[in-house]
Amino acid sequence: MSDYAPVNLSAPDQIEFELNRRRLAAPAGTMLVDAAYAHGVEVPVFCYEPRLGGPIGACRMCLVHVEGMRGLQTACSTQVQPDMVVRSDTDEVRDAHDGVLELLLANHPLDCPVCDKGGECPLQDRTFKFGPGKTQFVEHKRHFPKPLDLSSLIALDRERCITCFRCVRFSQEVAEDGHLIMRERGGDSEIATFTGDHYTGRFTGNVIDLCPVGALTSVPYRFVARPWDIKNTPSVCGHCPVGCNLELTEHEGHVARVTGRPNPNYSVEEGWLCDKARFAYPEDRAPDRVRQPLIRDAAATREVAIEEAVEAAALLLGRDGPHAFLLGPGATVEEGFLAQELASGPCRGALVAQLGLGDAPALAGLRAAPAAQLDDIDRADLVVLVGGDPANQQPVVELRIRKAVRGGGRLVSAGPRRHPLSGLGPSYITPPGRLLDGVRAAGPAFRAARRPLVLWDEADLAHEPAAAAELAGLLGATRGARQLELGADVNGAGLSALGIPGAADLVAALEQGTITTLLTIHAQPAESAGAARWAEALGRVGAVVALASHGGGIADSAAVVLPAATHREQEGVYVSMAKRAQRLRPGAAPPGGAAPGWELLIALAHRLGAAPAYRSPAATFAAAAAARPALAGLSYDVIGELGALLHAAPPATTNGAVGGGGADGTGLPLVTTLRIFGDAAAHRSDALSGVRQGAEVVLGAGEAERRGLAGAAQVRLQSPHGACTLPLRVDPRCPDGAVHATLGVPGAGVERLLAVDRSPVRVEVTAA
Amino acid sequence: MTADEIRGHIDPIRDQFAEGRSLILPALKFAQTEKGYLDGADLEAVGEAVGLTTAYVESVATFYDRLYLQPTGRRVISVCINLSCMLRGCDELLSHLTGRLGLPSDGGSTDDGAFTVQQAQCLGYCDRAPCLQVDVGETQGPMSLDDADALIEALRAAPTPDRLWR
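The listed protein sequences correspond, in order, to chains A and B.
Going by numbering that gives the first Met the number 0, the first residue of the first sequence is number 0, and it counts up by one from there.
Going by numbering that gives the first Met the number 0, the first residue of the second sequence is number 0, and it counts up by one from there.
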């Protein structure tokens, strides 16, 4: 992993010092190891990891000679001082490196040939570079039964551990889950959890990246590949709108591992990934993956060659319109733009819409306020969290908020649900539709703050215009206040930048039976908000062409299925919720006859007789950037490895959530919640089978009592839009006055309760 | 032991410590006086009383030799095995004691639950080596093999302490 902190060598007020007879400079406060690394001198480290907080000097690997100081100093915990004279290349220092490595290796087994870390192991590399070559120890090494399952995702080989404490510090001080500890002392030390329970959490996999030896390894990747048989590609996560930068490992033609990047994007994820980002990749090879093009008619479903499928799709889209194109939240900017190009060319007049929230007018004021990036959370002295549940919906944001609070910042939260961050500061739970009360309660905190930062949830505020207006007013009235949107849809910002509206008109047109052919692009309307209405409307369309990576839903009934690459298998651009355009790069080729969506859409344009002037995703994006002001100035080169910010606002569109109306229906207001391991990706990935979460209905104890449901195991929820039946959990800490239900779990059907624009509803709760 | 009992012990001494976390040791020592060792429920109670996770309490408890996570005998005899004592015959002292009580040569607990014999790091009585300590009583030395026999007899005759400070 990153190991060394980035150093800004062009910052003002540099301090001059001497290293190995070279006169160098670094900003005041820089640690010697980082300053040396920035100038091309590697001082070896194991325990040092600046992202885990201050240095602890546990491993003694970074000893250097500092003139005038007694004995060798640990460079990880020594700051550069004016005119300090440092040597890392003397015999004394080399001797110390030899000695420390010899001690670290005293108990470390020589099993590198069968160790997953071998070949990409800091201990191996630094032993080779700085080590003694042979050992004076003749004693037996420690042995343990191996491996120990720290969880269903992480294996622990205790004899390989060099007790650097990185994983323990991550658990205690970054994720703050407090699970991992060091048991025993000295030569008996070992990593463990309390009484051997599994290490569970949302961020556990980061300890695999952090481990500088092969003690903590990934269970799904264990013994899968050797480092010289893999190819690593930097890309971006496609599971939530945070847009964490990550690295995809290809082995034997498919993505076999996902890790944090060796050079983290400090403005986004800082190198941390949630366990869904890290372990969802097996979904690319799930049993329901669409591997071959399909043509379906009344008689049968046939696997066909891709040319035949594209021909058939072109035939359907070549009929008289109007047609409609529906983009899922995970469609790339290129796919969205190509759909728009089809609609303005060969399929003139086609409706183009996105399944996501679209551009809600209520949010315009908030979006116009000064925007922040994720790293600004660290420096905020007040974080106001309005709505949402970042721990489950935009997971890495949780780590940033915890970091801000550790650094002395305050957290004030307001919203309709209790969540894992509620306990970090004052929390106002408001019933749905009354978020304004919560915003007002949080208001006074702004007065004392110098760098307040508002994190606001797109989905919750889209239907609370009064709260959004109040919040925008607070932002405008507070000097230095900034805002960051907690987006709902993976590439919602990217599709909105193209001017693609929400799907209200599209679903209405489908219902009227006027649409000839519907083309869905990574969209599963019957599993999205308004599922009941979508299912009804889809019955009235002439024909459906589905561009999809996985079966189920629309792919099981479409006349033509074009097998598409997933976000790990194709090029494209996603725009994060912080309006940062970032590049997806394919970690592997899609399986079987599947192809990237952009390629299929360009092929379709050719067949429809309107060949575009470009034939690569880079050229497609360049055309989009030239045509859409919100993307002006961007290109693949400009975006580069770390992304680039959108500067212009997206065009205003209609059909986003309008908001302001009261909740539809009778009974209790419905609060939807999302669970990190409760979506289709987590349910498809066999790696996550041990942690995946189902759907449930949660009621407060008082509410359950009042409705005579305290003993019910299952309840039926009925809204004006649809109904579903789910297990009931009565939680004394759950606020009364609302019913909470889990959205997004495949097959659970909570989406049926909602309207297409996700506007608020009330539901009748009865025992089932 | 319950978290409330532990709070009753540590609340009066809370202001003696700059950091609340430091109370973990007095809390663990006190919790151990009930049974002579700590079980999972005790660790959870200490965590609750001090405001730390159980996992963290466990990491501290496993660090110290004198905090026991398994039942011990009623009296615990710790024999120093560091340099001075080793030069003055602690190996013989330890093997004599364990042999007499029918224990493995590196220590253990007797079947009747009367004694635990364990090795200890330096007890600070190098000038009176070889030395040993019973529970947290005064360190004794120099101990001849006859002294060790007499000590066992005396301890067998003595009443069990009502609070097991180890």
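For the record, the hints were derived by calculation from the structure and aren't laboratory data.
Among the hints, erroneous ones may be present.
Claimed, not checked - Now the in silico label distances, taken between C-beta atoms and shown as ranges: (1) A:D504 / B:G19: 55 to 61 Å; (2) A:R705 / B:V135: 35 to 41 Å; (3) B:Y63 / A:G710: 53 to 59 Å; (4) A:D730 / B:G136: 29 to 35 Å; (5) B:E47 / A:S76: 47 to 53 Å; (6) B:V135 / A:Q713: 40 to 46 Å; (7) A:S556 / B:E47: 23 to 29 Å; (8) A:G639 / B:G19: 25 to 31 Å; (9) A:D374 / B:Y63: 48 to 54 Å; (10) A:G422 / B:L86: 52 to 58 Å; (11) A:G689 / B:E47: 26 to 32 Å.
What the hints assert, rightly or not - Residues of chain B placed beyond 12 Å of chain A at every Cβ, according to the derived structure: (12) G7; (13) I12; (14) S58; (15) T61; (16) D110; (17) E152; (18) A153; (19) P160.
Since the model is a prediction, treat every value here as computed from it, not as a measurement.
Beta carbons: idealized from backbone N, C-alpha and C, even for Gly.
Query - Enumerated hints in conflict with the structure, sorted upward - result: 2, 3, 4, 5, 6, 7, 8, 9, 14 and 15
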